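With chain A's structure known, arrange chains B and C on it following the hints.
Sequence lines, in order, name chains A, B and C.
Residues in the first sequence are numbered from 592 upward in steps of one, following this note's numbering.
Residues in the second sequence are numbered from 343 upward in steps of one, following this note's numbering.
Residues in the third sequence are numbered from 13 upward in steps of one, following this note's numbering.
Heads up, none of these hints are tricks.
Mimicking DSBU-like on lysine-lysine, the simulated pairs with C-alpha atoms at most 30 Å apart in a straight line are:
#1 A:K655 / A:K832
#2 C:K463 / B:K514
#3 C:K436 / B:K532
#4 C:K496 / C:K436
#5 C:K447 / B:K579
Far from chain A, by Cβ distances over 10 Å, these chain C residues were calculated:
#6 K17
#7 Q27
#8 N136
#9 G187
#10 N398
#11 R478
#12 K487
No lab work stands behind these hints: they were computed from the structure.
Note that this is a predicted model, so its numbers are computed, not measured.
Cβ coordinates follow ideal geometry from the N, Cα and C atoms, glycine included.
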Amino acid sequence: MNNPNMPGTPKSKFLQSVRDALGREDVPPTQPYRRLTETQAELEEQTAQMRKRLEDRLPTLLDKLAQMAALGGWKVHRASGAEDAIDYIQSVARESGTTSIARSTQDVFEQVPVDAALSNLGIKVTTILWDEDMPRETLREEIRQSGIGITGADYALAETGSLVVLPRRGLARLISVVPPVHIALVRAKDLLETLDDLFLLRRLEYHQQGGEMGSYLNLITGPSRTADIEMTIVEGVHGPKEVHMIILG
Amino acid sequence: MSQQAKITADLFVTCVVDQLYPNVGVSVVKVLRKLGVTIGFPEEQTCCGQPVYNTGFSQQARTLAMRVLDQFRDTEYVVVPSGSCAATIRVFYLELFADDPELLAQAKALSAKTYEFSEFLINVLKVENAADCGTTYQGTAAYHPSCHLLRELGVRSGPQKLLASVPGLEQKELEGSEICCGFGGTFSVKFPHISEGMVTDKIANVQASGADTLVSCDMSCLMNISGALNRQGSDIKVRHLAQILDAESD
Amino acid sequence: MPEIKTQDFTAASSQAILDPKLRRALDRVAEGFHVARLDRIEEVTQETWDGWKDQAREIKVHTIEHLDYYLDLLDKNVAAAGGQLHFAKDADEANEIVAHIVRTRDIKVATKSKSMVSEELSLNPVLESLGVEVWETDLGEYIIQLAEETPSHLVAPALHKSKEDVAALFTDKLGIPYDEDIYNMAATARTVLRDKFMEADLGISGANFVVAETGTLVIISNEGNGRLCTSAPRVHIGITGMEKIIPSMQDLSTFLRLLPRSATGQRITSYVSMTTGPRRSDDEDGPEEFHLILVDNGRSKMLADPNLREALYCIRCGACLNICPVYSRIGGHAYGWVYPGPIGAVVSPMLVGLAKAKELPQASSLCGACREVCPINIDIPKMLLNLRTKTAESPDSTQRTAPEMERVLARLYAKLMSSPRLLKIAVRFGRFAQKIERITPFFSPLTKDGKWIRKAHLPILSRWTRSRDLPTLPKQTFHEIWQKELSDE
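Excised from the complex, chain A in its bound form:
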């Protein structure tokens, strides 16, 4: 807490009252927490083992991802290739009747070029990538007007059937929550098995980057939902009503 004008208790005082409550002096844990003592090398080793496991079990895990994602409320499409994926996206777009779509800037769109196919349907496609000509405010407005948001995946978790997105340049936080429909393209290489795998990679990145891993992470499993009125489930409350996961591979 750096600002002397900011109200609040100074850290030293707050920690002192915690120590008083615990009845002891300023003493770190006698047994350091295992996870917090793991070195980057150890995390890299664990990651290598994880990668091997994922490689060995890829087909099973892809099936599990599809199964769990569907259970979680994703509409899952196993695409036979880029063309099939594009066809599916076109059908979703037609179904929605939207005239405006936003998509992120991610590698997967080189593999699956959607822009032309959507333009052919008379749909405006905005690519999220801010710069001088396309400032953030404009992109934000575009996302607001879009009927569909399309992203790739940073990861996909088989355990829970979830998409993981790490917002950054080219990938807005709002693109996967504001438009009423969200389509996500998942490649085999995005696949992870468990939540443990995901957090291992995040921590590895954190260490490798000297204590940095980006500002946000979203784990998305199905559409937005609520049961707040009489326990009746309604989908599409504040987030998307419809979410599609296209699995390539």
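Chains B and C only, in chain A's frame:
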């Protein structure tokens, strides 16, 4: 019946059974004797202290608990026809005396040899078949597991297995059996409106089960439930497990 | 602090229990969440579930034991990520921090996602007094904000409201035609709040977990409002209790497996959102400022008492509420303060003062169902007993507030039960009173078979006989039968 050395056990009859349901105590003695157990009964016993313990009066609870520690010091086994009293002695005495090494040692020793009635039959006497007790029961019975028996002592299936083996007895499923009956000791008179709500639901389930008898290992629960059943004009009987196993019980 | 009504527990619960609509609503929630939770456990097997619970408890025990260490670590890492961590010793201080940010950042509109801790602070009136337009965005919270009520459940704050209630509320407050269709009502909320999300200068959230290792705030949610509150505005303030901290991001796996299943019976919520500092310079969007306020507000009292420390392990899943036969009958409002149900019966007295909330720990049959369902194996009955002992015997007179009558009765009981002789006399008196019951005022005539008392006029027994019959004293005690018949064998 399993052949084994003569077992001697002291009975901690509990104040509820002693004062209100002595026939249950009689059935306990008869059943255990039939199974070859020599029964002792320290006559100075009164109450394990649970009512004062549960209302937070630990000093008074210690006074009563120390009598129990003393009276049952030398016996090999203590049998208690109540899940909640057995839990008090076996589990809560260890809390009560946590800060007194000498008394804690005594409490641990007592705890190690204290059994609720059905536990004693199954775990110590290795009785699995109620026919060993020579009993029969013509009727339909549902079983209510008391909360302390279930959750403090972890006794889940024993009593029902014994009931299942009673010749003539037809078991009925009790909906929501693991939901508290609403007694909770002084809770029943401190918050009668809530307690009433709970026992009302319990007897609705008992009535819906189609049983003519409700069996439990705790007379405090049965006092609560039967009090409500009777008020409703129901003629469903309540019986302690020991009474079902006692062929001579009415 | 929100208005404390814990002292009205008996009156409030007596009233609540007579409300059949509330009962139906509570049954619906308990049934729905409870059954789904059991399904989820069966799916993974009890063994796996127990393993997760043990792991979670181990993490919490360690963290709370070393809370100072992890708070310090968290502070360093929040700062390293470009965020600001603030420590608030109480509600007033937390509100001052928020007020300061509001004033210096020119905040006009704020959107809020669910935060029970912000209820402790009564934050909304503070914001409103500063001229900030505050919008609760969680559908349940939005409903009770319109209704000017407090939440009645940890996870489903508006569960006490029927769809008719909500429809009437929307008509009254939003001026729209009456419409009971639940889908339409949710759509109305979506429409109203859509613009607010994008308009807001400030987003306020709670936190399910804060990770010391990386300075990360974690929110699990289903509606998407949590994401919008933490992504769209230029300033984000997260407010939570200091006990929400966990050491490593790796620990999240265990908690993410336990919390959704325990709370709503979901395998995982629609969203898990993790914030580590404000947006980075290259990001497309996200808040420019990230503030995390960690609140004590009485938690150090629980920390200081080894008997009550485990109340701080709670992850606010609400499973104990859903299973509790007391909560299921009286609902959340009867508990009179922010936290209802079994965990509330421990936390509320500790945060508002035991003397003010002394009935809460008493209103339990100690059935233990809460402990059975708790994903962190928290022994709530043990803590309730501890609070009862404090009420009866604490050396601190501000806690030792048990009525004198109770004290007298407890001493009397112990005296009676310490003396078999005295007890015999008391029993003889009781039998005599029964015999002459027709001419005594103690109870109404017995039933024909002499086995039951229909109505007792004595103070405590009369409460029993309001709805239950009381068994009469038998002719002999077991002691007497033993001495006469049984001792010879």
